[in-house]
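Residue numbers (UniProt numbering): 1 to 831.
There is no bait here: all hints are sound.
Here are the simulated lysine-lysine pairs, DSSO-like style, with alpha carbons at most 30 Å apart:
| id | residue 1 | residue 2 |
| --- | --- | --- |
| 1 | Lys668 | Lys815 |
| 2 | Lys526 | Lys627 |
| 3 | Lys687 | Lys811 |
| 4 | Lys559 | Lys440 |
| 5 | Lys798 | Lys668 |
| 6 | Lys526 | Lys538 |
| 7 | Lys621 | Lys510 |
Quick list of simulated restraints, FRET-style, between CB atoms:
| id | residue 1 | residue 2 | range |
| --- | --- | --- | --- |
| 8 | Lys815 | Gly444 | 57 to 65 Å |
| 9 | Ser746 | Ser781 | 14 to 22 Å |
| 10 | Lys510 | Thr564 | 14 to 22 Å |
| 11 | Asp634 | Pro714 | 28 to 36 Å |
| 12 | Thr564 | Gly444 | 16 to 24 Å |
| 13 | Ala250 | Arg732 | 36 to 44 Å |
| 14 | Met691 | Trp751 | 30 to 38 Å |
| 15 | Arg556 | Pro139 | 33 to 41 Å |
| 16 | Arg760 | Lys202 | 53 to 61 Å |
| 17 | Glu554 | Thr697 | 34 to 42 Å |
Because the hints were derived from the structure by calculation, they are not lab data.
On a predicted model such as this, the values are computed, not experimentally measured, just so you know.
Here a beta-carbon is modelled for each residue, glycine too, at the ideal position from N, C-alpha and C.
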Amino acid sequence: MDEQQGSSSSEESSSGDETSSDITLHEIEEVNECLPCPPRVEPIAEAPISLSSEIDSRYIFPFHLISACSSAGRRAVMCTLTSQQVATAVLGLRAVPPHNDTPVETKGTEIAGPNAIRTPVQAHRMKHDKSILALAVSPRYIFAGTQGGEILVYSLDTYERRSVIHAHKGSVLGLCLSQDRNWLFSSAADPIVNVWCTSTFKHLYALWSPYDIGDIFCVAYSSYHRAVYFGAQNTSIQWYDLKEKDTRPAPSLSSHPAERKNKFFDSLGPGGAQTPRPSGADSKPRHAVGGQELQVDSHDICQFAHYGYVHCMLLGTGILPDAPSEEVLISGGGDGRILLWRIDPKRRGAISTICTLEDGREEGESILSLAREGSFLYSGRFDGEINVWDLETRQLVRSLKASTGDVHTLTLGAGILYAGGKTGIMQKFNEHYESVTTFKAHDGLILASAIARYSEKPILVTGGNDNTVVIWEVKDCAEPSAATRRSNNDLMVESLGQFVSFRTVSSLPKYRADCRRGASYLRDYKFRGNPATAASRKKILFYGHYDVIAAENEHRKWKHDPFTLTGEGGYLYGRGASDNKGPIMAAIYAAHELANEQSLDSDIIFLIEGEEESGSRGFEKAVKARKDLIGDVDWILLANSYWLDDHVPCLTYGLRGVIHATVQVESKHPDLHSGVDGSALLDEPLKDLVMLLSKLTGRHGKVHIPGFYDPILPLTADEKDLYTEITETLLRSNPDLGDPEELAQSLMRRWREASLTIHRFQTSGPENSTIIPRLAKAALSIRLVPNQEAGNVAESLKVFLQAEFDELDSKNNLKLTIDHQARAVAGRLQQ
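Using the sequences plus the hints, can you model the full thing?
In structure tokens, the structure reads:
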């Protein structure tokens with residue numbers, strides 16, 4: 001995450017509003033006693049839950065919050081704030097508050113000014129299975145052209161892949177957007193230029209040359225002239241005036257590039273045989289159909305525009321001193337030259353040479369990339385050199401040596417130049433042409449880049465032959481005023497990154513200091529309000545925990561560092577990102593957003609503990625000791641609920657209880673050797689344990705403990721209707737899930753039915769195949785449902801195991817330990 005990642009001290013601007021109330025985190029106390037208590041706060045049984053609450057679409061997270069598990073801390077932390085609406089805001093914890101003028105403040109300082117030297121921070125990485133060759137960014141989407149002919153469409157909201165456009169039969173080599181960002185132009189090795197709608201992704205036009213021109217490396221579009229320009233492998237530049245698309249005759253089918261005869265591939269084989277090729281219609285990519293087909297007129301071609309491939313081009317105004325409003329085409333080629341072209345609207349956008357920019361070399365290295373800002377043009381060369389040209393004087397003013405190798409891509413923003421190329425390194429130059437930093441962006445060639453702005457925030461997007469698209473935060477490419485404006489969502493993700501970095505592992509004493517820092521981090525969040533009006537409001541309790549399960553990474557076997565928040569493929573990865581630090585941050589920032597909108601019309605209590613993953617040690621005692629601070633509660637909201645899919649959350653109105661137990665069988669003998677002491681007369685502890693555990697369950701997981709199922713209430717018609725609605729929702733989005741009845745049964749077995757699970761075995765002695773261990777033990781758990789009393793089931797388990805063990809007539813000793821137990825709960829359901 002970037003520099004401003006600290007705990008927050010946030011105050012609302014409406015301090016005098018009588019409808020607001022204090023939102024403050026209070027440290028309860030540190031308690032280390034081991035007391036039996038629920039693993040998740042479960043006083044939900046007394047709280048009425050309504051399923052009619054609507055989720056506010058403004059609070060939909062831009063990322064799925066994913067974690068590898070989580071838990072932490074030696075402290076319980078509690079906070080009070082206000083709002084009934086926050087219940088809907090955090091129901092489906094994918095919430096993103098809209099931009100806010102008074103965001104939560106976080107500790108830490110930012111380097112002021114747009115020209116500060118900063119290395120871009122990776123915000124997200126998206127993987128594909130083929131190289132990324134071209135990029136374009138619209139206000140809503142990132143478009144990435146691939147070696148396989150697809151155009152990948154990623155959402156700037158969530159970084160999820162929204163669509164895959166099967167656009168070309170050859171590699172997509174160039175992408176460009178119209179000025180209004182409504183059209184996307186793609187060029188490829190087909191060789192065809194396709195035009196797409198950027199909102200529906202539908203194919204609008206297909207454009208090709210009447211001749212075999214090889215690959216089309218680049219494409220540009222003049223919105224003013226409504227003309228498309230493209231540069232080709234055969235050294236030509238060609239164009240098409242879209243104003244005439246309906247007046248020109250439609251091209252014949254035989255003129256399509258897929259129908260043309262190839263002198264090599266269509267020649268006769270041995271014996272005069274020829275393999276027929278598929279027809280043009282059949283050979284089109286799946287999505288490149290339905291658009292209008294257009295062919296360039298043979299007069300609208302500039303042959304030998306360069307003495308080499310036409311690698312790059314761009315359009316711009318303000319280039320000609322005598323006609324600043326006139327649009328000019330700039331092209332770079334394999335001959336090492338840059339040409340400026342005048343566009344003649346009276347001749348269907350025909351081009352004519354204005355001048356040539358050359359650096360005096362007899363044989364210049366290929367121009368692979370171009371970028372322009374104001375009167376300066378930057379060109380990237382094959383040999384790793386960047387030339388800076390003054391377009392007013394048409395002179396070379398500076399040559400920069402790049403550490404990128406061949407400069408495949410150049411991108412400009414607010415005077416900052418980014419260059420990428422052969423080495424996988426992006427190099428950053430300031431407005432004085434000084435190299436200020438380099439960073440490894442890709443594990444291979446960098447082939448494309450683009451700078452864009454989303455939600456007032458500048459981003460750099462890069463693509464390479466390591467099959468990835470990477471998004472970088474580049475704050476120094478923002479104007480000073482924009483750089484200081486930061487949305488709540490930006491701050492929330494930064495805060496989450498800082499929160500995840502604390503190794504709040506409650507089960508390991510060596511992380512006690514991190515657990516304390518995690519509690520202190522939460523405690524520093526403060527809001528301003530008016531507690532005098534709190535008594536008349538409804539009260540919501542939000543429960544969460546900030547401790548996480550251990551995740552050691554000494555051997556570097558994790559794909560991502562578990563304690564560094566990493567964005568990839570539309571997901572955020574980090575220990576605790578979903579269980580449970582991410583939901584906590586989402587709830588706090590959603591509540592803050594509601595507070596700023598003066599929509600907090602109910603009190604909210606944030607009850608956050610740091611020992612959940614360790615059996616909530618001391619939590620019950622701490623809560624009872626401070627019950628007066630919490631007060632009466634109308635609603636309880638847990639952040640560990642299901643999602644049916646990526647769009648439909650579940651409202652949890654009940655939780656299964658649990659019993660964790662350890663079954664141990666021990667012999668009076670030491671560890672023995674099977675080759676010396678193994679005998680049918682020897683009662684082996686591990687063998688006894690296996691036979692004993694086999695008595696616990698039967699076919700399909702049925703539990704054999706006497707009376708186990710007796711207290712369980714039958715399924716009611718209303719509850720069955722709920723499962724029917726859930727399965728219908730799931731099947732609408734994914735029909736492949738199968739039969740509705742079987743799907744409903746599978747959900748019931750996981751959500752409402754009791755079950756028994758054996759987790760692991762442990763034996764004494766060294767781990768080799770000849771030892772007869774003197775001790776064997778197994779960990780098991782029983783999931784309980786309402787009406788099953790944890791104490792009664794635990795006692796029945798002891799009695800049953802002892803009776804079955806006695807039947808074995810073994811000389812070994814049996815020991816059963818109940819490690820933890822919690823009752824099942826269910827709220828009063830109101831539909």
